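I would like the entire structure built from these sequences, with the hints used as guidance.
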Amino acid sequence: MEFTITNARLLDGSIVDLAVTNGVISEIGIGLSKGKKLDVGKNLLISGLVDLHTHLREPGREDSETVATGSAAAAKGGFTAISAMANTFPVADTAGVVEQVYRLGQEAGLCDVFPIGAVTQGLAGKALAELGAMANSKAKVRIFSDDGKCVSDPLLMRRALEYVKTFNGIIAQHAQDPALTVDSQMNEGIVSSKLGLVGWPAVAEEAIIARDILLAEHVGSRLHICHLSTAGGVDLVRFAKSRGINVTAEVTPHHLLLTDDLVTNYDPVFKVNPPLRTERDVMALRKGLADGTIDIVATDHAPHPAEEKDCEWQGAAFGMLGLETALSVVVKSMIDTKMMSWSDLVERMSISPAKIAGYANHGKMIKVGAPANLTIIDTEGSWIVDRNTLASKSKNTPFEGMQLPARVLHTFLNGKQVLRNGEIMNGGAIE
Amino acid sequence: MNKHLLSINDLSAQQVIEILDTAGELAKISDGPMKKLPTLRGRTVVNLFFEDSTRTRISFESAAKRLSADVINFSAKGSSVSKGESLKDTAQTLQAMGADAVVIRHGASGAAQRLADSGWISASVINAGDGTHEHPTQALLDAYTIRSKFPEFNKSFNGLRVAIVGDILHSRVARSNVLLLTKLGATVTLVAPPTLIPVGVVDWNVKVSYDLDSVLKEIDVLMMLRVQSERMANSFFPSEREYSRGYGLDITRLNSLNPNAIVMHPGPMNRGLEISAESADSHKSVVLAQVSNGVLVRMAVLYQLLGGATLTGEVSV
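Those sequence lines, one after another, are chains A and B. Under the working numbering, the first residue of the first sequence carries the number 1, and numbering increases by one thereafter. Under the working numbering, the first residue of the second sequence carries the number 1001, and numbering increases by one thereafter.
The set of hints was computed from the structure by calculation and includes no laboratory data. Errors might be hidden in some of the hints.
Stated by the list, open to error - Residues of chain B clear of chain A, computed beta-carbon distances all greater than 10 Å:
(1) Thr-1022
(2) Gly-1032
(3) Arg-1057
(4) His-1106
(5) Asp-1117
(6) Asp-1130
(7) Gly-1246
What the hints assert, rightly or not - Calculated lysine to aspartate or glutamate pairs in the EDC-like style (CA-CA distance at most 16 Å, straight line):
(8) A:Lys-42 / A:Glu-380
(9) A:Lys-338 / A:Glu-380
(10) B:Lys-1088 / A:Asp-183
(11) B:Lys-1088 / A:Glu-380
(12) B:Lys-1183 / A:Asp-310
(13) A:Lys-149 / A:Asp-183
(14) B:Lys-1183 / B:Asp-1211
Claimed, not checked - Computed footprint of chain B on chain A, listed as stretches where at least three residues anywhere in the stretch have a Cβ under 8 Å from a Cβ of chain B:
(15) 187 to 197
(16) 306 to 313
Fair warning: this is a prediction, and the values are worked out from it, not measured in the lab. We put the CB at the ideal spot given by N, CA and C, even for glycine.
Written as structure tokens, this is what we have:
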């Protein structure tokens, strides 16, 4: 099991060959030729991307995505590890369900699928799920989230934060005060007032973030804020970090690029939770990601079948696809705008997420002995998003028809090539 | 003329005036011996109502029939919001039946636009009220009514002062009226408790007041909105009585209006809540004129959207 990737460009600009032996980088140098060779034409080689927020819909909604189709979308997007959110049917609130999702990921074999466990039974926000059982299962769950719903009961949130300390777990909070967002449809502001859609005030997110960072400080636990979407939320996380509170935060690619005025035509492809916000929020999120206040990018990949979007706005489901466009959207919003470098991008999309989640084989520096979870990117290329060519089972991308920079060429999972020239490999030509 | 009427934003000031002028022509014909015109003979107008609204449906039905169109009333109970028949399936059914125009009333904001934009149907779409978004024909009939009472504002509303009072936040009538009145140059003041004013009102080119009494003397038109008592359950205001004391049009407030001022209400009225019986029935009230003007204005809209013929039925070349 040995091969060589030749002509790879590293982040420092050097052009090298990498020999991979039994899934691990065994040698880095020039003129290497162990086993078969793949010339990657001086394109950029980085550690595989890691997503901490993915909806794979299996079990229960296999009509919108399966672990296998979601894994293919991930591989096409340059991800070698993704994290399956718990809001499946049944909910991933027991060891049985998380082990099932983990096993389905292994069987698909296109990227590592790490299940996220529910914080509360049935995501109902009433009683803790068996967090220890999920942590000790074969899936080794470390991230717990009721994503889609907020753990709004402050006492239950406190208990959850405390309880996961036994196994160094982390609570990923979907910050949305339910009482402030009854029937909410979009960001509350100029556009919602004009469109007559029930508003979703920024304060509904910020109030929960403020509360939770104080709870995390009080009990000395790790808190992760999912999909930050407001300028005020960025300020609160910045404040928490300045106080030394153990909080991390993520932002989605779509919140870095899209704004609420896209809702004006009532096309539900732009309906998402948290909602698209204003230009001011987008700029604050970009700044927060650039200066490290926001630790990582996470996709919140949320597939939905056609009928859940092909209807009136109010009746449509919340969520957007993200895995296959994430890298390009981050390049467009952060690198093309000169706010971040490629090294920063690798930090935010590979190294830091792996560190937060404790995914030991992912997000490593490119060096001898590191697992060969690798992504090779044509940084100068571009592509036009066509929802009919996506690997995801669903088509609800908000970037349809948009020209985006940077193309993922090859993805290697534990030393096995799963993507070659943008195409999923079924049975590798090189491994 | 455009293909659809989804929002007052679809119309220029000039197009608004044209619709009102056309309605005026139709009024003259309606006063003659032949009330029914052959203009839309052979065309099919569907009234697609996902929400009950007998008055609006009857108004559109009578407008279409007076233009000789065939009218189908389609009462689709439960939208996809409640997982009943979906908007898409309903639209495709109407398309298969050969509808030329669809008049849609729907509980979801933007439903009319979705119907027009989605490619499910090729008919003209007329928004007869979508959620808390817009109700453009109501604003047109209100403008027609204002014009008939104030001939000096025949071509423009420059100098006209209008107050809209009540549940602005949830009112499609208010949104359409703000757009239309400001488009024609009127000065608009919204009056409501702060809980019923949308946060985005700063962008609306209107004045806002929380004090009804302070604006009564400075207006020509007082437009009262229906207040739904269910709002009380969500703490938009403490009680019906407190609302009524602060924002209801009682006889004292009616008497403090300018002598020529008129009182409007889109109906149905909650007598005793936002308007007292004496105010509703006073000589300043133009509520019934609004109803009869509604038919004329909707005839004008159907005529302009479906086009293709002159008012008397000769095909234009």
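Identify every previously stated hint that the structure contradicts and give their numbers, smallest first. 4, 5, 6, 10, 11, 12 and 14
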